[in-house]
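Taking the hints into account, I'd like the entire structure generated from these sequences.
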Amino acid sequence: AQSVTQPDIHITVSEGASLELRCNYSYGATPYLFWYVQSPGQGLQLLLKYFSGDTLVQGIKGFEAEFKRSQSSFNLRKPSVHWSDAAEYFCAVGAPEYGNKLVFGAGTILRVKS
Amino acid sequence: EAGVTQFPSHSVIEKGQTVTLRCDPISGHDNLYWYRRVMGKEIKFLLHFVKESKQDESGMPNNRFLAERTGGTYSTLKVQPAELEDSGVYFCASSHPRRGGRDEQYFGPGTRLTVT
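Chains as they are written, first to last, in my numbering: chain A, 1 to 114; chain B, 1001 to 1116.
Some hints here could point you the wrong way.
[Stated by the list, open to error] To give an idea of the interface, some chain B residues facing chain A are shown, with a C-beta separation under 7 Å as derived from the structure:
| no. | residue |
| --- | --- |
| 1 | V1012 |
| 2 | S1053 |
| 3 | D1056 |
| 4 | F1107 |
| 5 | P1109 |
[Said to hold, decoys possible] What follows is a set of in silico ranges between Cβ atoms, one per label pair, in the way DEER data are often shown:
| no. | chain 1 | residue 1 | chain 2 | residue 2 | range |
| --- | --- | --- | --- | --- | --- |
| 6 | B | A1002 | A | G62 | 31 to 37 Å |
| 7 | A | I109 | B | P1097 | 31 to 37 Å |
| 8 | B | G1040 | A | Q42 | 17 to 23 Å |
| 9 | B | K1078 | A | E66 | 39 to 45 Å |
| 10 | A | Q2 | B | Y1074 | 27 to 33 Å |
| 11 | A | G62 | B | E1014 | 43 to 49 Å |
| 12 | B | V1038 | A | E66 | 29 to 35 Å |
The set of hints was computed from the structure by calculation and includes no laboratory data. Beta carbons are placed, not taken as given, at the ideal position from N, Cα and C, and that holds for glycine.
Laid out in structure tokens, this is it:
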């Protein structure tokens, strides 16, 4: 069975500082990997996805993530955080053999201090 | 293009009552998913429709939950009778089937259900 771990429940960074949110997954093969963001009062928005190929993927809002098979990780990064990035971030795993249902991590709440 | 919409946005009901949540997927999306997030827990899969057929309902908690998708368009999720542990946010997502299963699921804003 698939599982996803986001070890940080809360992270606080200063505006303009760099950000890395951690995500580790457990799955027998290479899964499909996603990062979603939920801003207050909003639904889940897809930031980026990895299916295959280049292990560094670019997403919206200046985010990127790197797939590292050896570490079973898919960490999300942003070089300079903006106050509007304050939200909850979810890493998710999917696989065709599981009907593409997503398995989510517990989420990381990002706070941005000015 | 309109996104996934869900109704209502909030619902407060008493234990034992019935509630029906509705999801309108993006037009043309054959795949429709229901997920739920109970307070303090992960977002968990409930079930998956392909058009009007239930493809996978392995995440449905028990038989108090009934999901339908009439004509392969909108979907409803009925909880009857509601229990306190059913409180949470119910998300709907839809996707267009892609080769190799490389679907991107688009989520609605969720329905926050509170059972008192």
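Each hint, compared with the structure:
1. V1012: Hint on B:V1012: violated, closest Cβ of chain A at ~17 Å, above 7 Å.
2. S1053: violated, 12 Å
3. D1056: holds, 5 Å
4. F1107: Check passed: Cβ of B:F1107 comes within 4 Å of chain A, closer than 7 Å.
5. P1109: This hint holds: B:P1109 lies near chain A, its Cβ roughly 4 Å from the closest one there, short of 7 Å.
6. B:A1002 / A:G62: 31 to 37 Å: At 27 Å between Cβs, range violated.
7. A:I109 / B:P1097: 31 to 37 Å: The hinted range 31 to 37 Å holds for A:I109 and B:P1097, with Cβ atoms some 33 Å apart.
8. B:G1040 / A:Q42: 17 to 23 Å: About 20 Å separates the Cβ atoms of B:G1040 and A:Q42, which means 17 to 23 Å holds.
9. B:K1078 / A:E66: 39 to 45 Å: Distance hint for B:K1078, A:E66 holds at roughly 42 Å.
10. A:Q2 / B:Y1074: 27 to 33 Å: About 29 Å separates the Cβ atoms of A:Q2 and B:Y1074, which means 27 to 33 Å holds.
11. A:G62 / B:E1014: 43 to 49 Å: Between A:G62 and B:E1014, where Cβ atoms are some 46 Å apart, the hint holds.
12. B:V1038 / A:E66: 29 to 35 Å: Check passed, 31 Å falls within 29 to 35 Å.
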